[in-house]
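All chains should be modelled from the sequences, with the hints used to inform the complete structure.
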Amino acid sequence: MKKTTTASAVRLKLALGLLVALNWSCNNDKDDPQALPYGSGVLVVNAGNFSDNNGTISFLPPSGSTATYDIFNQVNQRSLTGSLQGYTESDGKGVLLVDNTTAGQDKVEIVDANTFKSLATLKSPEIENPRSAVRVGANKVYVSCWDVSGDYSNGTFYKDPGYIAVVDLTTNTVIKKIPAVKGVESLLLAGTEVFAGSAGGSTKLTVIDATTDQVKTGIEIGANPNPVAVDANGKLWVYSSGELVRINVQSKAIENRLKIGTDKSRSLSKFQLSSDKQYFYFVSSFYGSAAENYKEKGELYRFSVNDTSVPATTPFIKRLFSGLAVEPTSGVIYGGFTPSYKQAGYVFRYQSNGTLIDSVKAEIAPSSFYFK
Amino acid sequence: MRCRDGVFLSLLVGSFSFANGQTSGSDQLLPSVTIRGTTPERFSAGQKTQRIDSVTLEQFRFQTLTDVLSYTTPIAFKVYGAGQLSTASFRGTSANHTAVLWNGININQPTLGQTDFSTMPVAGFDQLAVQYGSSASCVGSDAVGGSILLMSNPRWKQPGFSASVGQQVASFRNLATHVGIRFVSPAGKKWQLAGKSFLYTTHSNNDFPYRERGNYFVERSLTNQKGFIQDLYLRNQKNQQFSVNVWVTDNDLVVTPYDTTVRERTLSQSYRFLTTYETNKLTLRLGWIRDRIDYARGNFNTPSHSETDRLISRIEREFTHTYHSAQLSFRVGGEWSHYRTQVDGYGDKPIQEDRADLYALLRMQFSRWLLSANVRQAFVTRYDPPLTPSLGAEFLILKNANNNLTAKTSAGRSYRVPTLNERYWKGLGNPNIRPENGFNLEAGLSARWFLHEKLTLSAEATAFRNRIDDWSYWNPESGYRVENLQLVVARGLEWSASLHHATNHWQWGLTAGYALTRSSQERVYNAYAQDIIGKQLVYVPKHTGRLSAHLARGKNRVTVQTQASSRRFITFDNSQYLRGYMLTNVLLETQVKLGPVESRIQGQVNNLFDTVYLNVKRNAMPGRNFAIQLICNLNTKKQ
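Those protein sequence lines, which keep their order, are chains A and B.
Under the numbering used here, the first sequence has 232 at position 232, and the numbering climbs by one with no breaks.
Under the numbering used here, the second sequence has 1211 at position 211, and the numbering climbs by one with no breaks.
Since the hints were derived computationally from the structure, they do not count as laboratory data.
Treat the hints with caution; some may be incorrect.
To be verified - In silico SDA-like pairs for lysine to any residue, Cα to Cα no more than 20 Å straight-line:
(1) B:Lys1426 / A:Tyr287
(2) A:Lys123 / B:Pro1476
(3) B:Lys1426 / A:Tyr294
(4) A:Lys372 / A:Ser274
(5) A:Lys123 / B:Tyr1216
(6) A:Lys297 / B:Tyr1216
Unchecked claim - Taking beta-carbon pairs under 8 Å as the criterion, some of the chain B residues facing chain A (in silico):
(7) Lys1189
(8) Asn1299
(9) Ile1532
(10) Arg1618
C-beta atoms are modelled at their ideal positions from N, C-alpha and C, and glycine is treated no differently.
Shown next, in the form of structure tokens:
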């Protein structure tokens, strides 16, 4: 009897010992891979599926069509834990905007732009609902933030005011919050001024002096204006409810309002300039019929910055893109495609004349690109 | 990943030390007189049923069904955070494919078609069994992957009065209190009365001393749980029994509680009343269940409301016949339920519908064979579920004084009535959705060896294949509208074993289990479905393993519980996953008797190795934590 007891105790100890070893091995699961150089190529910003908090960045090398996936996780052994809202670079550093489903868990990750090694993490309350980032000067990046969002049905979704976080990349800190409109959205630098759009119902385009970080007099445009680009003629284009508004950057005067298409059931998005800044590409989308299970459909259209009307009846590329960008030197069009938010999307590449070059598998919901 | 190797190694540990399973000492607490209320088990010949033993239930008394089932069964849980939503994936199926029966009545929320296991405390029932595989013919809708059976037990054989008070104090300022009385009048009189009144409360402040673990956020949440149980049984010598069971639960969860703009509250309340009249041959049941859910964000005064009432009636008649050595039982039954649901998402008007079931169950017990043949037809307003037959057989290959070995097999069709949300949710629901059509096949062996008079080894191995066509789901490709596009095939192997040794002073045991679950989507329905064909379903780990060991002397006992799970994919194409992990708990317990008061003291370390593991929101779950519980029983039972 005694013998059995001893044997059992030994066995128990053995089992426990193994458990310890196993758990230890689980906790030390770090096969640090060699940091890859992400010096030049294309970064694909995959937004992820919001509730899964699984946004990622894929890397496409300058040549070849094999992507490297979730490079932040590969280098840092942890995932970004949020929907990825944007990426920009400034002076050798990358800035990633991460939006988590839980308030207080949004963040901005600052990485070494070449190795993607995490350098710092800016968290709540400095960063809440980051939307867009733009480099405004040496080691200085603006990040537009909605601040905490409440209940949409109660009308408290957008906090008033939102703000623009001024990030100093020498210290990796937020040095100032510039109060901004409700739902402050896209940012665009033109000269020494930053133009800030809105998703929260403002009709005014915000203008900020990027040297003093002071808000200047805004420009009254229309519902939810968002800056798009400065074209070959040096004109600023702003999108607001179905029209592109051309603005004189110096005088801030509205020069033209260009109506885009006529079909009210369509929504227009992702305006991008061609590499010669003479053409705009954009996505026009709509929801299919009940028989089609209300599936979202759409195409890519193109028009010249000098056009006087944009009927948007003949698609340039017959595919619905979840992300769109133009490679600044070659003019190659990058279109992100999302089959669903639960499987990897693809990046389709086209010549500037619309001829398909190839497609590369990306990750969940490829929504924007960064060329470096 | 190394963690996956960990899983395999732990299985190795399990196999060379004989590992275990499930059901030590379960049998002694089963009511020996009647087999009432256990219809699914009795008529599901050839299927695996696992009873969770009373010692384990006692150890998990202050925890939830998620906790006890993840350490004792291969059911994988999809957990959203500490104290937050937890849904089951049984044998590679979805959260909608596990039936949860309380005293024989399906208590899944009809709107969601599932149970949030985080709202189900182990204290809420007396007995727990798990039935593996489809048993639609016996159980009805939802029993596709398996069924969880929660039962009350009058404990007729333990006459007397007892009162108990229990208190748990745990890490993160989490507290739980139980108060209850039980009484059973003496046997032998013309009438015998038994009852139980029980009240429980849990306050989980989840006041974590850290905001992050391993660079992953730990989400704050507050959970207040209250519940009340009232059971009353009256029976006479003719074995006529009348019973009333009441279970009221209230679960109040607030996520991000300290930010008044974004805090989210889910208040779930269930009222469950059941009356039963039973004789040896006849069972009549009448029940009423109300499920309410209030969800609010920011302002808690204007929640989105959902309320469903169910009036349930059931009649069953059993015919038995003994023919030579064969025992035949034939049970026919009918069920009718009326549903009335008012959900903000369905529109202004309440939706009402009737559901009825007719079924016939046959069980034939011969000296070595046990056979069952069952059939059920369900009827639902504006809906047409399929006929679901099933067949099962068990054959006792070997039986002698020291060993027995049984072979089992069964085949059965299954179905699932779509949830009310799937049919009625405005915009996203689809009233014309087709019924899912499942076919489950399984076969297994179970054995028990009495190695010598004090050492017992039991083991069971099962292989299954469950094919579910017209699998309906909220399709992310069409803005999460419900469609039944997919064909899912889930197949796997389950193995469990337990070894027990008892001497006059010492007792020890090992139980282990391993499950391989391969569950995949098999139909191409558009160009991009190619990327998801044959891929493992999301949140279904391919490998799960469990190991628990205990050593006891007298009233003192030490138990080590371990669960391991391989990676869980979170995308349909398996491009992303949550890492596998292994968790270990250690429990120390002792019993002290002071006069008429018997006390049980248990100290517990959860997540002993402080493993960082993630929930489905990609937040870290809590690290190592501690709990102490004290249960005092005042007993007047005649021993």
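Right, here's what the structure says about each hint:
no., hint, in the structure
1, B:Lys1426 / A:Tyr287, "holds (16 Å)"
2, A:Lys123 / B:Pro1476, "violated (30 Å)"
3, B:Lys1426 / A:Tyr294, "holds (13 Å)"
4, A:Lys372 / A:Ser274, "holds (17 Å)"
5, A:Lys123 / B:Tyr1216, "holds (12 Å)"
6, A:Lys297 / B:Tyr1216, "violated (37 Å)"
7, Lys1189, "violated (45 Å)"
8, Asn1299, "holds (6 Å)"
9, Ile1532, "holds (6 Å)"
10, Arg1618, "holds (4 Å)"
Violated hints, in rising order: 2, 6 and 7; the structure is consistent with all others.
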